[in-house]
Amino acid sequence: MAPRISRLPRRPALDWKDIGFRALLPALAVLAALLIGAVMLVLLKANPFAAYAAMIGGALGDVSGLTQSLVKATPLLLVGLGIVIAFRASVINIGGEGQIIVGALMSTWFSLTFRDWPGWLLIPATMLSGFVAGAVWGFIPGILKARLGVNEILSTVMMNAIGLQLMNSLLRGPLMDPEAVANRTFLAQSARLPEQVWLPRLVPQTLLHSGALIALVLAVLAYVFLWRTTIGYRIRAVGLNPDASRYAGIRVPIYQALALTLAGGFAGLAGVVEVIGVHHRLLEGITSGYGFSGIVAALFGSLHPIGAIPASFLFGSLLVGADKMQRAVQVPSALVDTLLGIVVLFVVGSSLWSRRRAARRVSVTAESEEAGA
Amino acid sequence: MSDIFSLPVVIGILTSAIRLATPYLYAAIGEAFAQTSGVVNLGVDGIMLVGAYSAFFVALNTGNLWLGMLAAMVVGLLMGLLMSLISVTLKAEQGISGIGLHLFGLGLSSLLFKVTIGTVKTIVGFQPVKLPLLGDIPIIGEIFFQHSLPVYGAFLLVPLAWWVMEKTTWGLKIKSVGQNPAAADSLGVSVNRVRYFSVCLGGVLAGVAGASLSIALLNLFQENLTAGQGFIAVALVYFGGWKPLGIMAGALLFSTVNAFQLWMQVLGVKIPSDIAVMLPYLLTIAALAVTVNRARQPAALNKPFERGES
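As they're listed, the protein sequences go chains A and B.
Sequential numbering from 291 applies to the first sequence in our numbering.
Sequential numbering from 143 applies to the second sequence in our numbering.
Be aware that a few hints might be false.
What the hints assert, rightly or not - Only pairs whose alpha carbons sit at most 20 Å apart, straight line, appear in this in silico SDA-like list of lysine to any residue:
| hint | chain 1 | residue 1 | chain 2 | residue 2 |
| --- | --- | --- | --- | --- |
| 1 | B | K445 | A | P532 |
| 2 | B | K256 | A | L333 |
| 3 | B | K445 | A | L333 |
| 4 | B | K233 | A | L497 |
| 5 | B | K233 | A | A648 |
| 6 | B | K445 | A | L530 |
| 7 | B | K445 | A | D533 |
| 8 | B | K256 | A | I326 |
| 9 | B | K233 | A | L315 |
| 10 | A | K307 | A | R645 |
What the hints contain is simulated information worked out from the structure, not anything from laboratory work.
As the structure is a computational prediction, the values presented were derived from the model and not from experiment.
Make a model of the complete structure from these sequences and hints.
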């Protein structure tokens, strides 16, 4: 007799053992990377204990370090959320850098152009403009993939280069600070943005701005979107099993393009908060490599919007700590960039074990259910 | 405007185009081997960077350019081994592995540069060698036959790679492993060994590509010297349909546009140069959109192989 579905399966309770295991691997990866870092520090004739003490103390030890870590975690989280959404639809967004740039460019232009608007209107409108610009930068590779099958990894890399050149030429042309032109310094940066568009500071005398809160709220929204809405469900279905999704009538390419568009929008927002939250103008090097390190943060947070929160904070503080370490023990902060790469390699390298474990658990669960039936 | 298209300028553009194609050729042909065996290595840019650094560092300290080249090859091999370990043995997601490798190479080359060299220095790199007879042909000789040895090497690699791919058992094995690993495995071909070999070969060639930048074309090293050229090389593999000749066509197209915009800047043609800088990338996207042909893609590309899985 065919089994009858009498009731929908209950949502399983939170499996703390599983969550613990999933957090364990990344933690081990960081630990291993730090160990390799210690060896490198010894080779560089620096005391690894002093270096790591300077790093941790500098990033977490006082209000200044802590707030700086949060400031750096904010764009990482925003980029990371986009990466998570894209990854759930099994598209890889390498275009974070370019999307950050166009988001920053658009928000700079927008807030300078509509500088007479009041803050309550200008701030959300500026953020929206940056989101849309980033989304367009994600949509182009998305639609190219959906319609023509262009590999998104390559097209997003090209879009990065185009975005960078666009910013370079605009900062040396129409967007250049009129003051820099007047006093003939010709610094490649924009004019200072009107004060009402600056994001309010959360802690006085620090750089910590309300963009951090916005990012947190968006992380929760991204979770709700992916797990509690139909579109989010389809995005995940596409990523989990494109063939089954196709049979179920989901238009796989469209949802992948949508995921890339959203990813671009989130990265664009990261560009916005850097401009209106931190620098209050557009500068060269606005991305600080967040487009790539955001991938690390997303991956590290198990590709889950909520997991991305602690992961971004961890990497934000690593970046701040790297600067402090550079000053304290004269070791280039590039050491930490190297360690970021090693962390990624360890995390993806160890995924084999988590996959095997997952497969084992599925078969065990199936057996126990059969036994119970 | 008329002097832009004068003969010396046209010769200059074409000569630069041949030169500039060099790193793309090495890196993209290496990547073609890796991809034909089924592994996408996105870390090419990172390998190029450590290769460029190693070659420059060794050449700077020993004065021997060939030792520098050798160092780049060894370092490229090591990076290739690392990529194989993660993507073949540990079966990790290849796209992310490659990004990790890129971040690692970018960080490591910057770190070592700051610690061991410090400031941007230049060296005397490989000098142009005028080929006898051929080099004396007017115009053609100037464009094609007055380059340094690594440039000639890159163009010799094209027929060589074609021969290995199409006419040798190894080439057949690489292709079979990329098309149908399970079938290759059942015939006694070690899928993992062939993939290790291909990815490592790609690593060595990416190392050479980096060295060609730092000790033959630019003759200096600075942080992020490649500025994403490794990613373009990966794009060229798709563009060229995994065929050495197609890759060469793509590399030349790309380098010609690039040389053109460089000369525009040199000549001070102001307004179009902003757009011209973006041109190579726009062109690559357009080319990818036009040339995509999924049928030609190695069937097992981006798929780790596990026995017993079909």
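Hints and how they fare:
1. For the hint linking B/K445 to A/P532, the alpha-carbon distance of about 15 Å falls within 20 Å, and the restraint holds.
2. For the hint pairing B/K256 with A/L333, the CA-to-CA distance comes to about 14 Å; that is within 20 Å, so the pair holds.
3. Pair hint B/K445 plus A/L333 does not hold up; C-alpha atoms about 38 Å apart against a cutoff of 20 Å.
4. Of the supplied pair hints, the one linking B/K233 and A/L497 is violated, its CA atoms being roughly 42 Å apart against a limit of 20 Å.
5. A C-alpha spacing of about 15 Å is found between B/K233 and A/A648, which places the hinted pair at or below 20 Å, so the restraint holds.
6. Proposed proximity of B/K445 and A/L530 is supported: the alpha carbons are some 15 Å apart, at most 20 Å.
7. At roughly 16 Å between alpha-carbon atoms, B/K445 and A/D533 fall within 20 Å of each other, so this suggested pair holds.
8. Between B/K256 and A/I326, the direct Cα distance comes to roughly 19 Å. Compliance with the 20 Å bound is thereby established for this hinted pair.
9. For the proposed pair B/K233 and A/L315, the alpha carbon gap of about 16 Å is at most 20 Å, so the pair holds.
10. Straight-line distance between C-alpha atoms of A/K307 and A/R645 comes to about 16 Å, which keeps the hinted pair within the 20 Å bound.
The structure fails to meet hints 3, 4 from the earlier list, while all remaining hints are met.
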